[in-house]
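**Q** Protein chains in written order, with the working numbering: chain R, 235 to 520; chain Y, 480 to 618; chain X, 7 to 237.
One thing to keep in mind: the hints can contain errors.
Unchecked claim - A few chain Y residues facing chain R, derived, Cβ under 8 Å: (1) H500; (2) K537; (3) R540; (4) P551; (5) K577; (6) A582; (7) P584; (8) W595.
Honestly, the hints are just simulated from the structure, not real lab data.
C-beta atoms are modelled at their ideal positions from N, C-alpha and C, and glycine is treated no differently.
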Amino acid sequence: MAERFAVLPCNGLDKAVGPLAREIALMVVEACRGELICPVLYNNIPALYAKALKLPLIVIDGCGTRCASKLAAESAGGGLKVTRKLQATDAFKEMGESPGEGLTPDPERLALCRLLAERLLSAPDEGTALGSEAAFAEPVEYATVTHDKFIFRIPRQAYLFNENHCWARLAGNRARVGISDYMQQELGDLTFCELPEVGVEIGQFDAVGSVESVKAVSDIISPVSGRVVAVNPAVAETPEIINEDPYVRGWVAELELRDLEGDRALLLDGEAYLALVRQKAADYRP
Amino acid sequence: MAESANGNVLVIPCSGIGKVHGLMAREATYRVVDDLEPEASDTLCLALLVKGDEEAVKAVRTRPCITIDGCPKLCSYKNVQLAGGTIAESVRVVDAFKGRKGAQPGTATELAGDGWTITDEIAQQIAARVRELCGGKER
Amino acid sequence: MAEEPIKVGIISCAGEEIPEGTISRLAVRRVLEHLRPGQTVSICLPLFLAGNEGEREFARNFSTITIDGCDKRCAQWGTEKYSGPVNAAFVVTEILKDAPPLSGARSGRNLTEADLAAVDLVAAQLAEALDQAAGTYTGSQPAAAGASSVCGCAVGLPSGAIQVNGKTVEIAGLPLIFQQCQEDGLAADSPDTPARLLAVVRVYHAVDDSEEQAYAAALVEAYRTSLASDR
């Protein structure tokens, strides 16, 4: 049986993000058959929600004022334990989308709310929150392959690779993807990086963007299948970030995974990719 | 930025041999110092500067310098700075490609059509800066 | 002979101020792309001088040839300072001293037939030096008297023997290495001596990581003997 949640949204009425937070809350409650907590009523008569609050709690704020989070933190008994949370303004920004201006969400905005609701329900619990950089922290250890004067780095753990020299870094039900150090050196200084659209579905080994240098244009072949939930605008603006730091700052897109176990069977772990690069390095021509 | 009171503006490329950008930096320099502003600009061997050649070090410290680097490694900029040079402008060839998707510049040995076109644009930009530094007007 | 071609690094000055710098750069590209593809690694001098570890490490571990535009020899200086002795050092002005004069052009736009012929001449010299460094030279140059080197990169050099883990190992150029160290004032019992000797010998002779200490000890012993015999 799918997990049920209590959901505490903010009550923002005078900005677009307030109604969006409410919509996300309603979608989450409907999807998980959870309990909706009215922040105004809870603030006045908290006892009315004693039973509901036995469920794990999701808090949804519209903006940086974080009224719902503050309400949860200031509740009697040392505050409520929050399992997951979302702040709508940040979440829209991360998707490269605008919350809009109107107080009634349009169909496009509602579709994005649905996406965020689904993410909330499938996200890891608090500690590796949605979009958290900590979830994609620096790999512990790099192995290297040296060929002539060229040194190629490969993270030994936490990354999966395909034979197109693209990687996926896993965190819960999400993965970031990018190109390997071998590939960025083979291409040389990157001048363009095309990002995918947020919301698109990507199949395993589909193109999830592209990179261009003076030598070549190359598709970024996604090692995993899923839906694009975030992109990295920094690499579109400054593609050389991928040359400088292909495995961490040089991520291109973040996917909500669809079939990790199925995808994994066709991928290489760090050691196997290391062996592949050793083989390829002999043919490397800068 | 200070005018060129002590002599010609120095235009110093990285000349990286491994990439087409290095060749473009070199050729843009020659376009400026040989063709566009031969009376107002000179170039200088970067390797000589790094070696600590006295004349080269003195030149970068007493004349305004424009560095042209092929790639983000910034070999010319960093080495001129380390030598105590006054960098009036730092140009990166790779930036010139960002507005030119699909450009075909050639190779590290020989430039092709786009390579020369972009090189000449960079050279015009630098020549304008040379004129500014010498107190002249921009076109 | 190794199955894979022995790679040799070439470092060019690419001096911007003089036409010979352009000749130098183009000659290296000619060797890299046409004369000895797959056998040459060009080291980018600006990157090398700026401290790129890949460039410097390669130059430490492999044979190197430098080509400078003029007698200031920046490429040779940089390579010896940051990575170690070079196998061969060339200067364009010396190679071209009997050739027709250059046009004076520095840009690729303006090079003449004479300039391109100069590139060919310099490239040919580099290719020959590369073959010698890689042990594939088939020219008629006689080996120096007493040469018995087993190392492909040291044709014509006197060699010396040391004892490593109970086996006799011939090291190409060992007498000359000891001579240079002696001239530099390196004492046999200095704490720097083992590392210094090992670093120089490694340019000419492959040393497995597992035998480093044994090699260093044997070299110090041989050096001590060499110093004692010179007194």
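**Q** When the nearest CB of chain R is found for W595(Y), is that gap smaller than 8 Å?
**A** violated (14 Å)
**Q** Quick check on the hint: P551(Y) CB to chain R CB, less than 8 Å?
**A** holds (5 Å)
**Q** Against chain R, run the beta carbon of H500(Y) and see if the smallest gap drops under 8 Å.
**A** holds (7 Å)
**Q** With a cut-off of 8 Å on the beta carbons, see whether P584(Y) makes it to chain R.
**A** holds (5 Å)
**Q** Against chain R, is R540(Y) within 8 Å by beta-carbon distance?
**A** violated (30 Å)
**Q** Identify whether the interface hint at K577(Y) stands, where standing means a beta carbon of chain R within less than 8 Å of its own.
**A** With Cβ-Cβ at 6 Å, under 8 Å, it holds.
**Q** Would the hint on A582(Y) stand, with a C-beta cut-off of 8 Å toward chain R?
**A** Hint holds; A582(Y) Cβ to chain R Cβ min 7 Å, cut 8 Å.
**Q** Any CB of chain R closer than 8 Å to the CB of K537(Y)?
**A** This hint is violated: K537(Y) lies away from chain R, its Cβ roughly 33 Å from the closest one there, beyond 8 Å.
In the structure shown, a violation is registered for the earlier hints numbered 2, 3 and 8, in ascending order.
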